[in-house]
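**Student:** Can you make the complete structure from the sequences, with help from the hints?
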Amino acid sequence: MTRPKTSSKAALERQRAHDRLMKRQARVAYLAERTALQDAYVTLTSRFYALRGTMLPWEEVATALREAREVADSDNRDLQQQVRQTRLFATRLHHWVSTMSAPTTTSLSSNVWTNVTLSHDIEMRQLGLEWIQKQLYHSASTHLTPSVFPHAYEDSVKVEWGCRGRKIVLQKVVQASPQIVAAALWAVNRASTGELFPGVHTANIRVLRETQETDRQLSYSVDETGNSKGTSLKICHARFHDGHDRILVAYRSVTIDDTYPDVLDPDEYLEWNEIRRISATTCLLRSVNYLQPRASFESVTDYVEGIYPAGYHHHLQQYSNLGNPNLSFEQYLQRALLMRGIAIAHEHSDILHKVIQSVVANPAFYSV
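In this text, residue positions in the sequence shown follow this note's numbering: the first is -2, and each later residue adds one.
There's no promise every hint is true.
Calculated cross-link-like contacts (lysine-lysine; reagent style DSSO-like; alpha-carbon spacing at most 30 Å) [claimed, not checked]:
1) LYS155 / LYS351
2) LYS131 / LYS155
3) LYS20 / LYS6
For the record, the hints were derived by calculation from the structure and aren't laboratory data.
**Tutor:** Listed below in structure tokens is the structure:
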């Protein structure tokens, strides 16, 4: 029996629709696969060029490794040399410190290094001067403690002078900047020159070493003018700038210098000065000065006779002329020392005031 034409036509349409659907699905799958392959191509291409940019020939890699090893070997040798130098310095420093015995006398200051020495060795001399500089800086707060000064901004002088030596505590309000006062103190202490004023030579100063950095300055000098005891003084001076508003100026004597031997002075000299700004045109100067005998004395009489024999005989003659004094000779000498200490403090203030005026008028001469 023959099928109707309508049935054959419907089947053909269904077949065509199915074919179109399959082709459409195949095209969608093709496009998705093509897109994935393109993305993979881009990714792999980027990785390839990244890797190719870091790849080096083995000769260059070997050269770089050899150079790195040579640098490491050189650094290692330098470190070993530094270790040897540091060990040698430590040994020398230990030997140097062992030559400086602690004081056996009870001094007015809390300083425990009386017998400061400098050796011939250049490196040890430099190390010793740096050590003194740091000692002056770090011990300043001990000597310049606020409790020993008046709380108010006013001029003040306090003096102690007995068988343990002399201590002068000075506070002064100065109409000048801290930089000008520091330059004036540097000149008054004869740290770098014997000229207090331009063209006025007041001392024979020989500078043995001088260094200057941004915030500090060191001067090691010899005052060959000669004092009443017939000795010259070797002094280590230091100046520190702690910011814009505080400057520290200090010095201490050097007991023995193997390169420049001299008669040992019976006294040790120490001083700390702190300069603080209190207004745009005013600063506050606080000073502590020590004069300490290296020997021990039981009384003021023994001290004056041992350190100042000429002064002792002068005061003994004056005391004898008093007839029947109300004071013992010990008390008389004690009072004479205190009066002399006060006079020294006022003389120092007067000289400092004149030098400050000179610094203001001649800043270039004082390197302000």
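**Student:** Which numbered hints does this structure break?
**Tutor:** none
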